[in-house]
Amino acid sequence: MHISEGVLSAPVLGGGAALTFAGLAIGLRKMDYEKLPEVAVLSSAFFIASLIHVPIGPSAAHLILNGICGALLGWMAFPAIFVGLTLQAVLFEFGGLTSLGVNTFNMAFPAVAMGYFCRYFIRSPSLPVRVVSEFITGAGAILLSGLLVAACLVLALGESMDSAAKLVILAHIPIMIIEGLITVFVIEFILKVQPEMLPGTSGVSR
Amino acid sequence: MQIEEFSSGDSWVHKLDPRVKIVVTLVFSVVVALNSHLEVVAISLILPFVLIICARLNFGKVMLRLAIVNGFILFLWLFLPFTTPGETIYSMGPLTIQREGLYQALLITLKSNSIILMVIALLSTSRIFTLVHAMSHLWVPDKLVHLFFFCFRYIHVIHEEYHRLVNAMKMRGFKPRTNMHTYRAYSYLVGMLLIRSFNRSKRVLHAMKCRGFKRKFYILHHYEMKRFDYALAGSSLAFSILLMVAR
Amino acid sequence: MIKLRDIRFKYASHFLFDGLNLTIERGDRVGLLGANGCGKTTLCHIIMGLLAPESGDVEIFGKKRTKESDFAEIRGKIGFLFQDSDDQLFCPTVIEDVAFGPLNMGQSPEEAKRTVTSTLKSLKLSGFEDRITYKLSGGEKRLVSLATVLAMKPDFLILDEPTSGLDEKTTQRLVEILKESNLGYMIISHDRDFIKLTVDKLIQMKDGQIQTADWNSLEM
Amino acid sequence: MIKLRDIRFKYASHFLFDGLNLTIERGDRVGLLGANGCGKTTLCHIIMGLLAPESGDVEIFGKKRTKESDFAEIRGKIGFLFQDSDDQLFCPTVIEDVAFGPLNMGQSPEEAKRTVTSTLKSLKLSGFEDRITYKLSGGEKRLVSLATVLAMKPDFLILDEPTSGLDEKTTQRLVEILKESNLGYMIISHDRDFIKLTVDKLIQMKDGQIQTADWNSLEM
Ligand SMILES: Nc1ncnc2c1ncn2[C@@H]1O[C@H](COP(=O)(O)OP(=O)(O)OP(=O)(O)O)[C@@H](O)[C@H]1O
Ligand SMILES: Nc1ncnc2c1ncn2[C@@H]1O[C@H](COP(=O)(O)OP(=O)(O)OP(=O)(O)O)[C@@H](O)[C@H]1O
Ligand SMILES: [Mg+2]
Ligand SMILES: [Mg+2]
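In order, the protein sequence lines correspond to chains A, B, C and D. Okay, so the first sequence: first residue is 5 according to my numbering, each after it adds one. Okay, so the second sequence: first residue is 6 according to my numbering, each after it adds one. Okay, so the third sequence: first residue is 368 according to my numbering, each after it adds one. Okay, so the fourth sequence: first residue is 368 according to my numbering, each after it adds one.
Take these hints with a grain of salt, some might be off.
Unchecked claim - Only pairs whose alpha carbons sit at most 20 Å apart, straight line, appear in this in silico SDA-like list of lysine to any residue: (1) C:K502 to B:S13; (2) C:K573 to C:D385; (3) D:K536 to C:G575.
Bear in mind the hints are in silico, worked out from the structure with no lab data behind them. The structure presented is a predicted model; accordingly, all values stated were derived computationally and were not measured.
I would like the entire structure built from these sequences, with the hints used as guidance.
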């Protein structure tokens, strides 16, 4: 999911940085000081959750959960994901500094988009409607992220990356399914245990 | 959790002003990332290498970090040399290796490793809290700075909670497999972590209010540039500019 | 000093408190006992203005408190020690955490640093300034939490299960610190030995009411 | 049944245990005392195979255990109650949480449900099946945690501070449950009254060693 340092070209890096800058500005404006501990502690939780490896057949994938992140935090997913990725870049050298803008946007934009989608359907009293939309939230966020990563590669390295880009998207399919399933269970869990945590349900707009 | 493993040391690299470290790393990264000359990028490796040697970091551990990170690069090696249009230098059945592709793959590899080594040499040799303090002196917005502080502080609490929950699952005979039971169990784990984090954040806010929090954060740390900091900042920035203009 | 009159409070459907009354005077040293989940922590949060009752009066330092700003005034004066130290210590280092309150109260960074030094010294924690809060042991965390509260120079303390998970040595140290201080306080604890050593007066929460109690009349 | 021989263990630099020995027989009811941070919880984790010692033997049920799979075998047989119930309960409802162990042990969903029903009944928790675990009171959480452990039909229990944060009534109930069970167990606790009521044999951890102890010789 992370694009490493040195891969992308100047326009892609610059574009990503600018978009992330805008996303951060919106996110930080929405996050008033009362909200700050919540965004921070939840982004720590997402950081830890991303260390979980779930088995897929003989291999394993680590969780990303940007769909749930968007559902819980809305635009504030931008600062939350930015902080998480920066810490990963400095602590584990995953991703990097110059590609931080691109990587943040690739994960946070799908989070925000699918998050708003999810908030809309989550109020539904019908279990099937909820389950389907939760699945789409989780899977869709991964799909969008995969598409963005593939697009960045093609933009930076040219046509020759077409097959690599297709492979990136193909490789995301099993992860999409897993993330979709996990998103269903996690959001249903939250709805059962503490629904007021999900903004869409209590009518609190953020 | 094995993090900040390079930050304990007392070399002069460890002791540099964190503001200098951040600025130098950023400038260097951008200069290298945007360069497209193999020779120049290769020369750029000198600076992080020298710093890593001066910082007396465990070479094996540094290499291990590099090995993990280079996975994505390896992926590009599977494509670039074969699919980039250009002069064929070797062909084997349907596979042809192109000079341009090879060049590009090599360039990316060197760039990537150079920047990562620089991050290890300068940033990983400081504690996160120190770096974030430094960020607050580098015009990073107040809210973002405190987001970093809180996030890193609670990563440790939540990591412990996570660990204890995983142990509880193991204790009850849980073995991860590719099935619904496994995914459901992991989801419950994640859901529990999120709910506990959410509620903890409410309590933290309460604790802040009880201590008179009025929507303003104060930073107690101040840094003073020493001669050495100026020297390193000057020479590394000069090196970066040289790289930028070198052809 | 703290007067609650006819407090009604509910979380969801049923009332946890339905007409609760409580009076505490400035120098009182009170122990509050009560079964799990009877509402002791909730009561503290109402006193500190972190939860708002449905109805009833909260009067503190002779003034009725209703708005957030009323409570902001008293939060420096009444120090509240949380049940979980990890909630209370949210800054990177001990010095920043202990200075957080004084800075918010308007002290300059230099004054705040002096306050930190003297508070840590009084708790025999000198030298802890630059320790990373999350790396402290459980007992150290509890004592540093107490320091963050004492640094605000409160007139009264509320301690929510201060000894849970502490060993006898740290508990003993806490007893000494409390006895040597000249503050009034209210302690919530299930640890009767600790309560016996530290308070003069016992109250009990039962069925959403506060009753005075003594060791003999106390039921299990 | 549990035999530790010459265990050496360290977290970071210095050795917490340097040649620790411990023997517990099947029916033993042992109380383990020791100061904060002396390593009691760590010891339990070594027994359960959650932490691996640097050197030394862990022998359980007459077989030396080294690999993860060796320990996986015994985890159903030795029930471990964590210091904090919140760490033990991670499913949304009580029924799912108690059924989690039996399902992992290969019971069918129907069998698991029957196990849940009978376990809850034996702890007088019938009717709790659909309660949300997270919202249980502290005491209820502790009892449900115990149910999750008992549902795996263990031969022996290890309880890490089972009474911390519990009120007297729940503590009393725990005493009864333990006394009525026919299991052996080891209890870690700072609560001496509780220990006195539940164990036959006392051991103490000091300087990384296990010593037998009795109430008279015990120092503070
Ligand atoms: N945020 C909340 N939402 C709903 N119910 C709550 C909430 N917080 C507490 N409760 C419930 O209110 C009751 C009182 O809780 P409180 O924490 O005040 O009890 P307590 O006396 O402090 O218990 P303990 O001795 O276990 O600390 C409990 O039954 C608890 O489950
Ligand atoms: N993951 C860890 N990394 C480093 N040190 C640790 C870790 N876990 C525990 N320790 C340290 O090891 C020592 C023993 O800890 P342990 O939790 O076993 O003590 P304990 O006897 O159970 O204490 P308590 O009575 O407070 O529960 C403590 O000094 C603790 O700080
Ligand atoms: Mg309480
Ligand atoms: Mg312990």
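These are the hints, each one checked on the structure:
1. The hinted pair formed by K502 (chain C) and S13 (chain B) meets the criterion: a straight-line CA distance of about 15 Å does not exceed 20 Å.
2. The hinted pair formed by K573 (chain C) and D385 (chain C) meets the criterion: a straight-line CA distance of about 12 Å does not exceed 20 Å.
3. As the CA atoms of K536 (chain D) and G575 (chain C) are separated by approximately 17 Å, the hinted pair is consistent with the 20 Å bound.
In summary, the structure agrees with every hint in the numbered list given earlier.
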